[in-house]
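Number of protein chains: 2
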Amino acid sequence: MSDRIAFIGLGIMGEAMASNLLEARGELSVFNRSPEKAAKLEARGAKVCASPAEAAADAEIICLCLSNDNAVKDVLFGEGGVVQNLRYNSLIIDFSTISPSMSREFAAALKHDYKAAFIDAPVSGGDIGAKQGTLTIMAGGDPSDFERARSVFEAIGKSATLAGPVGAGQLTKAVNQIVVSITVAAMTEGLMLAEKAGLDVVKTLEIIRGGAAGSWTLDNYAPRVVAGDLGPGFHARNMLKDLRIAIGEADDLGLPLPVSELLKSLYTALCAHENPDVEFGNHALIELYRKGFMTGGVKD
Amino acid sequence: MSDRIAFIGLGIMGEAMASNLLEARGELSVFNRSPEKAAKLEARGAKVCASPAEAAADAEIICLCLSNDNAVKDVLFGEGGVVQNLRYNSLIIDFSTISPSMSREFAAALKHDYKAAFIDAPVSGGDIGAKQGTLTIMAGGDPSDFERARSVFEAIGKSATLAGPVGAGQLTKAVNQIVVSITVAAMTEGLMLAEKAGLDVVKTLEIIRGGAAGSWTLDNYAPRVVAGDLGPGFHARNMLKDLRIAIGEADDLGLPLPVSELLKSLYTALCAHENPDVEFGNHALIELYRKGFMTGGVKD
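Order-wise, the sequence lines are chains A and B.
End of the first sequence = 300 in this note's numbering, gap-free, step of one.
End of the second sequence = 300 in this note's numbering, gap-free, step of one.
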C-alpha cells in the first residue's frame, strides 16, 4: 500500500506543491496555521487538520514547507506538533529552506527519539515552478528514504537529486542562493553603469548577453528590471534569509565569503525599503543603487 | 577602390586578428614594437613596417590593438606615431580596451588636428575568438565610419554593434567586464562553499547550473576550475585593468559600484600572486580563497 501524505505549510510555495500532490494522489491531509489558506484544497477534497499532530496521524509521509528554522522546530516538536502522533516508520520531507545544521539536528532527534526518517529537500524554481510542478529539488538523506520519497518529488518537481546525507540538500541550496544573488549583483551593477553612462540599455544587454557575461539572470531578470517590474517572483527578503543561512554555514566552516557578505548587507539595506505597499523581488537590488544607497534608516 | 589596412599591435589578440585580416584581404601592413612577433605574418605576405608612421602611410584604415591608454597615445601621437603620416580621410579603429574618456579625447584630437575619423571597437571572446574570427565587437563612433569599418569587422568577428558615439564601445565593454567579473565571483564563492562543506562539487554544479544560478561562466569556467586549470584564457591582470577602467568611469559619473570595487580589490590581491611561472586566468579568483586571502604581500 502506498504511503499516505500530509502537507504542512500552505504559503505560496506550499499551497502550489500541495495542490499538485492532491492532483497526483487524489487524497491529502493538510495543515496551515491560518486555516483559510486551506479552503481551495479542501474544496477539491483535501482533509484540513486542526494541528500538525492530527496531520501526522493521517499519514506515513509528512511534508513541510515552512519559513524558517523556528517554524520547522515548532511544527515538529512544539505544542500539537508532528511528533505527538508520529506513526511507525514515518518519513518527514522538509521542503523548507533552513540551515543545514538545524536539519541535521532535527533528523537526529527524529531518528533517536521517534524512529522516524528525515529528508531535507529545499527547492528552487519559485512560485511559477511550484504551480507548474517543475521545481528543482535538492535533497539530503539516506538513499532508501530518497527512493521512498520519489513519487512525491515527481508530483511537484521536474528533477530531484540526492546531494548527500541529511543537510546536503540545504547546503546545495545555500550554494545555489550564493550564486544567484551574486549573479543578480553582476546584472545590477552592469545595468547601473549602462544607465548612468547614457548607453541604450536594451541594446547593451543584446550585445553582452550572448557572450561570457551571459546568465539566466541576464536573460530572465534584466528585461523585468528594464521594464520597471521589481516585484516578486522570488522575494528579496527570502534571498536575505537564504544568504544569512549560507554565510552562517560558511562562518561555521571558517570560510570567508566577502562578496556574499557584501550582498547580505545590500539585501539588508534593500529590505529596509520594503513596506506593506511595496514588495521587492530579489532582482530589485537595483532600487538600492538608484536611491544612492540612502535606505531611509534601519527598521526596528 | 577598397581601403588598404594597417594593423598595429601584434599581441595574442592582435596577431590573430591581423592574421584573419591578411587572409581576407591578401595584403596587410603591420607594426609591432617587438618586430619578431610579425615574422609569421611576414612569411604569409604582410609588409612589416618600422614605425606606426610607416604603417599609417600605407593605409586608409589603421587598426590598433594595444594594452592601455598610454600605449594607444604613444602609437598615435608619440615619436614615429601614426599622425606623422596620416593620409587624407583616414579611419582609425581602436580594438584596444581603454578608458572611454581617453577614446573621446583621442577621437577629438584626430578629428580636429588631422581630419581623421576614429572608432573605438573593443572586443570580447578571448584568444580563441580572435583566432577563429568569432569576436564580439562593441563599437562607438559615427554610423558612416561604422559602415566603412564593416568589412574589417566581418573579417575578425561574428558580430559588431554600434553602441553609440565614440566611447560607447568602451563603455559597453566596461559594462560587460563588470558583469563577467562579478559572475566569476558568484561561481567562485559557490564552489568554495560546496568544497569546504564536503559536497560533491561536480554533482552540485550539475544540480544548480540548469536553473536560476546558470551562467556562461558556470558552464565554461567551472569545469576548468574543478579540473585545476587556472591559466588564461583571459588574463586575471587584464580583468583587473578592465575593472579599473570601469570603476574609473563610474567614479566620474558619481556612481558607487560596491561589488565591482570589491572585485577590483580581490583581483588586485590575486595578481599579487602572479609570477613568471604562474599566469592566472580571470577564473583563477578561487586561488585567492583557497589561500585564505593570504597574498604574500603587495608587489613593488
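Simulated from the structure, these hints should not be mistaken for laboratory data.
Check each hint, because a few of them may be wrong.
Simulated pairs of lysine-lysine, PhoX-like, Cα-Cα distance not exceeding 25 Å [to be verified]: (1) Lys-203/A to Lys-264/A; (2) Lys-73/B to Lys-158/A; (3) Lys-47/B to Lys-131/B; (4) Lys-196/A to Lys-203/B; (5) Lys-264/A to Lys-196/B; (6) Lys-264/A to Lys-291/B; (7) Lys-158/B to Lys-196/B; (8) Lys-241/A to Lys-196/B; (9) Lys-111/B to Lys-131/B; (10) Lys-203/A to Lys-158/B; (11) Lys-264/A to Lys-73/B; (12) Lys-196/B to Lys-196/A; (13) Lys-291/A to Lys-264/B.
Using C-beta positions, here's what the derived DEER-type ranges look like [unchecked claim]: (14) Asp-219/B to Thr-134/A: 44 to 54 Å; (15) Gly-210/B to Ala-109/A: 50 to 60 Å; (16) Gly-228/A to Glu-206/B: 30 to 40 Å; (17) Val-202/B to Ala-57/A: 52 to 62 Å; (18) Gly-210/B to Glu-79/A: 52 to 62 Å; (19) Lys-158/B to Val-226/A: 19 to 29 Å; (20) Gly-210/A to Ser-101/B: 26 to 36 Å.
All values derive from a computational prediction rather than experimental measurement.
Glycine included, every Cβ here is placed at the ideal spot set by N, Cα and C.
Could you grab the alpha-carbon distance between Lys-158/B and Lys-196/B and see if it respects the 25 Å cut-off? violated (40 Å)
Proposed proximity, Lys-131/B with Lys-111/B (alpha carbon, max 25 Å): With Cα atoms ~32 Å apart, Lys-111/B and Lys-131/B exceed 25 Å; violated.
Holds or violated: Lys-264/A with Lys-291/B, Cα cutoff 25 Å? holds (23 Å)
For the pair we were handed, Lys-264/A and Lys-196/B, check the Cα-Cα distance against 25 Å. holds (20 Å)
Check whether the Cα positions of Lys-73/B and Lys-158/A lie no farther apart than 25 Å. violated (56 Å)
Whether the CB-CB distance between Val-202/B and Ala-57/A falls inside 52 to 62 Å: Violated - the Cβ-Cβ distance for Val-202/B and Ala-57/A, about 42 Å, lies outside 52 to 62 Å.
Is the straight-line distance between the alpha-carbon of Lys-264/A and that of Lys-73/B 25 Å or less? Violated, at roughly 42 Å.
Quickly compare the C-alpha distance for Lys-203/A and Lys-158/B to 25 Å and report which way the hint goes. holds (17 Å)
Cβ distance range 50 to 60 Å for Gly-210/B and Ala-109/A, holds or violated: violated (34 Å)
Is Lys-291/A close enough to Lys-264/B, meaning Cα to Cα at most 25 Å? holds (23 Å)
Verify the CB-CB distance for Gly-210/A and Ser-101/B against the hinted window 26 to 36 Å. Check passed, 27 Å falls within 26 to 36 Å.
Hint consistency between Lys-47/B and Lys-131/B [alpha-carbon to alpha-carbon, up to 25 Å]: holds (20 Å)
Violation of the numbered hints given earlier is confined to hints 1, 2, 4, 7, 9, 11, 12, 14, 15, 17 and 18; the remaining hints are satisfied by the structure.
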